[in-house]
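There are 2 protein chains.
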Amino acid sequence: MRSIRPQSLCTKFWRISSQPQRCQFHKRAFSISVGRRTSTVDMTEEDLAKVEIDRQRLWGELHKTCEWGVGERWGENPTDVGMHRLALSDDDKKARDWFVAAVQNLGCEVKIDAMGSIFAIRPGKKAGPPTYAGSHLDTQPTGGRYDGILGVHAGIEMLRTLNDGNVETEYPVGVINWTNEEGARFPISMVASGVWAGAVSLEKGHNLKEVNGPATQKSELERIKYLGTTEASHEVNPIGAHFELHIEQGPILEASGGKIGAVEGVQAYRWYTVTVKGRDCHTGTTDFRNRSDSMLTAAKLILHSHNKASEMGCLASTGILNLKPGSTNTVPGSVQFSLDMRSKENSKLLELEEVLRAEFPKIAAGDVVDCMNMAGTKGRGCEVEWRLDTDSPATKFHEVCVKCVQESAEAMLGTASTSLVRKMTSGAGHDSVYTSGRAPTSMIFVPCRDGVSHHPAEYCSPEDCGNGAQVLLGAVLRYDRLRAERAN
Amino acid sequence: MRSIRPQSLCTKFWRISSQPQRCQFHKRAFSISVGRRTSTVDMTEEDLAKVEIDRQRLWGELHKTCEWGVGERWGENPTDVGMHRLALSDDDKKARDWFVAAVQNLGCEVKIDAMGSIFAIRPGKKAGPPTYAGSHLDTQPTGGRYDGILGVHAGIEMLRTLNDGNVETEYPVGVINWTNEEGARFPISMVASGVWAGAVSLEKGHNLKEVNGPATQKSELERIKYLGTTEASHEVNPIGAHFELHIEQGPILEASGGKIGAVEGVQAYRWYTVTVKGRDCHTGTTDFRNRSDSMLTAAKLILHSHNKASEMGCLASTGILNLKPGSTNTVPGSVQFSLDMRSKENSKLLELEEVLRAEFPKIAAGDVVDCMNMAGTKGRGCEVEWRLDTDSPATKFHEVCVKCVQESAEAMLGTASTSLVRKMTSGAGHDSVYTSGRAPTSMIFVPCRDGVSHHPAEYCSPEDCGNGAQVLLGAVLRYDRLRAERAN
Chain D
1 MRSIRPQSLC TKFWRISSQP QRCQFHKRAF SISVGRRTST VDMTEEDLAK
51 VEIDRQRLWG ELHKTCEWGV GERWGENPTD VGMHRLALSD DDKKARDWFV
101 AAVQNLGCEV KIDAMGSIFA IRPGKKAGPP TYAGSHLDTQ PTGGRYDGIL
151 GVHAGIEMLR TLNDGNVETE YPVGVINWTN EEGARFPISM VASGVWAGAV
201 SLEKGHNLKE VNGPATQKSE LERIKYLGTT EASHEVNPIG AHFELHIEQG
251 PILEASGGKI GAVEGVQAYR WYTVTVKGRD CHTGTTDFRN RSDSMLTAAK
301 LILHSHNKAS EMGCLASTGI LNLKPGSTNT VPGSVQFSLD MRSKENSKLL
351 ELEEVLRAEF PKIAAGDVVD CMNMAGTKGR GCEVEWRLDT DSPATKFHEV
401 CVKCVQESAE AMLGTASTSL VRKMTSGAGH DSVYTSGRAP TSMIFVPCRD
451 GVSHHPAEYC SPEDCGNGAQ VLLGAVLRYD RLRAERAN
Chain G
1 MRSIRPQSLC TKFWRISSQP QRCQFHKRAF SISVGRRTST VDMTEEDLAK
51 VEIDRQRLWG ELHKTCEWGV GERWGENPTD VGMHRLALSD DDKKARDWFV
101 AAVQNLGCEV KIDAMGSIFA IRPGKKAGPP TYAGSHLDTQ PTGGRYDGIL
151 GVHAGIEMLR TLNDGNVETE YPVGVINWTN EEGARFPISM VASGVWAGAV
201 SLEKGHNLKE VNGPATQKSE LERIKYLGTT EASHEVNPIG AHFELHIEQG
251 PILEASGGKI GAVEGVQAYR WYTVTVKGRD CHTGTTDFRN RSDSMLTAAK
301 LILHSHNKAS EMGCLASTGI LNLKPGSTNT VPGSVQFSLD MRSKENSKLL
351 ELEEVLRAEF PKIAAGDVVD CMNMAGTKGR GCEVEWRLDT DSPATKFHEV
401 CVKCVQESAE AMLGTASTSL VRKMTSGAGH DSVYTSGRAP TSMIFVPCRD
451 GVSHHPAEYC SPEDCGNGAQ VLLGAVLRYD RLRAERAN
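One line per chain: the protein sequences are D and G, in this order. All residue numbers for the first sequence refer to full-length UniProt numbering, where the first residue is 1 and numbers rise by one. All residue numbers for the second sequence refer to full-length UniProt numbering, where the first residue is 1 and numbers rise by one.
By construction, these hints were calculated from the structure, which means they are not laboratory data. The structure displayed is predicted, hence computed values, not measured ones. Careful: at least some of the hints might be erroneous.
Calculated pairs, PhoX-like style, for lysine-lysine (alpha carbon to alpha carbon, straight line, at most 20 Å) [to be verified]: (1) G:324 to D:324; (2) D:396 to D:423; (3) D:378 to G:308; (4) G:64 to G:94; (5) G:94 to G:111; (6) G:277 to G:403; (7) D:308 to G:378; (8) G:277 to G:324; (9) D:94 to D:64.
So here's chain D without its partners, still in its complex pose (with noise of 0.2 Å):
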């Protein structure tokens, strides 16, 4: 499928063509305008808040399409079931296809790159870079119904509601399936933005093997018919923008009473493993003085890095203990640890290394710092090692596409909306952290039950699914006209 190769270079962020572009499938064409408004440039507040996304066919749609890949049944309603749907699976071909079907009826080009993410584009009046909404329909093996698939299905309402209401957009604008955002098949996840982005190669994203069997991401591709000609590149198929609705996965907006995140940006994170090394002795005849207690040592670590990441503002938490050798009555002489810490700024984040790497080993020595060891015994120490396992630096969201989001929000929420639009920082990292190396990006979080995302009792209401895919047409078309402005 072609690409768009754009002529001329206009700005900083985007590459427009000097000519209007017909869609190569329908032969639909955007050039002369039927709506109301020929240009989004003339759209007042009231005419954007007039163009609004039919909510019951995007939540029918949604679970239309969980058909493909049902898994726990966690309810009583029909929609109370998980998603088990792992990318490039039979599962996920059938949503594929039913995406490429849903967007040509719309009058959508659509390219697959050799990743076999699928672009589907929407002309505008002038050629560039569409302004893409972008998810992704693959799921956890026990994953829920709105993790990526909301964000997916939003783009296409919006690309619906935009031909019901005849509107025409200065630029293209689209929608992107990723392939294998959650890397849970293939473990590498957001491999496909990433290979677009240029962080991971080609190369590695086709050889990367599923993790109990012998097929490739590459065959797979083959199999289900997905190895698509157009180059999985930012420079061959550039996007202009990248807007993603995202369930929170976390909650903040939940317990805050918020509505709608503006998310600037995702945290940065890096993952250690500790090792506390002591010495294995007997639990009856070793008394506490004489003792290299590793499982205690670490216990001290554990909590000192909850206070430290406390005070800094930052997080730090512990998924994985190991100790040796596991018996009721012996001192463990080893144990291994995972530290995930994390904060929204990459500075913040080495600081707080830097101070837990000066601290554990007095802790773990038996000194006094902070309030470790200002009870119990002193034994006769422990070593710490660390390891760096995972560097995940901060991820910034471009300022215009977060306007757009919090003045579409706002828009929506009307006047009271003050405390129901939260600007947020990602916890989770998503393909709009590749992406927005390459072109303005930001995300919109709407919340999600509990919090609860990667299972299947994951949640978010008829109303919150809409309020989000609203807020992401608003902010889509809001970016639409500042870029038309700017060409000016």
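For this one, chain D is given, so just place chain G on it according to the hints.
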């Protein structure tokens, strides 16, 4: 083999017959003394001091028998090799055969009970339940050369020394090799002394299956021909007193410069499984206030158990910890950990438990208890459940026996000995725990390097082995003298 059948009950603690008894095996009788003293009653401290063991012979014999059940080499010296002599194995049979031959050569009667424990008896001037030196010849799978083995060899060296010096005791003395003290192959430790004491049924002892295989203790006793005809019973086969020489298996003597531990008892211990229930959540998307972090909570509880045990003069430790689901970027919703708590006093241990049972839920809820929750962020809290897995009350050894050990040690070590002899509580269980309920009992501890035991590199120096055996001999002779004095 014939059991001694006591004809009259002389004291609360032991039974003696009115007639001198003859050994049924070698017809060597001690009714006519050929030693310098006919009675331990008449021996002065000076006389006792002259009855000295042969330290070189002890060391040589001990290591000679370690050819049966050779374990891992850990050093360059010929004796730097660990042991692998599981109870009732072919190697254990060879060690038993050597034991029986050795004590028969020394003129002893041999009785084997229904649990395979071997009782060697050297007649005294009067009949009665013997004063025994008892321990075990079986080892851990990766054990050392001193745990148990030293105690049995010291008993045999005692018999040799008495024979060499023509020393006659008032009452019979002997040596016991208890079956399966370790509980490594057949997983109940001290099982044969337990059956003897009536704490474990013979049926349970016989039917106990090996850890990795179909054999039972009974089938293996039959196979190696050590299923004895003497009832395994403290009533049918009584013990006059029980002294056990053992390596400390802890670092206290070595660290304090002590040479001999006069063991006053065995501490109480209770084993628990503590379950902390929180809620799985994403480490990146969930702020501290919205977490129910079971690992962080477990860290606090483990640390608090240490602090509180320290404060109350008890011990507490965690040797097993399992968490779920076990992923770096998921805050664990469930943690289970073992808690091993010990104290010299039953009441103290129960008091510690009561305090922790009251305080753990408060700490898990985020309340400030001592220095817990003084820093950090209060989350949504976790729930705590306790399960008691093992309850082993404290054992108090017999004051007279402890006094005999202490006096024997002080006599051997000389006038400067006060700081070299320490009254101690055993942290680990031994066969003496079971004998102490049925006969006057005490133990003698000698240092082992770095407190290491249940490990190939377990080590007790020739000097310490000799010291222990000398104190054992002295304690048995002192006890024999006291016993005769009391009878008069």
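Evaluated hints:
no.	hint	verdict
1	G:324 to D:324	18 Å, holds
2	D:396 to D:423	12 Å, holds
3	D:378 to G:308	14 Å, holds
4	G:64 to G:94	12 Å, holds
5	G:94 to G:111	17 Å, holds
6	G:277 to G:403	50 Å, violated
7	D:308 to G:378	14 Å, holds
8	G:277 to G:324	10 Å, holds
9	D:94 to D:64	12 Å, holds
Hint check: a violation occurs at hint 6 only; the rest are consistent with the structure.
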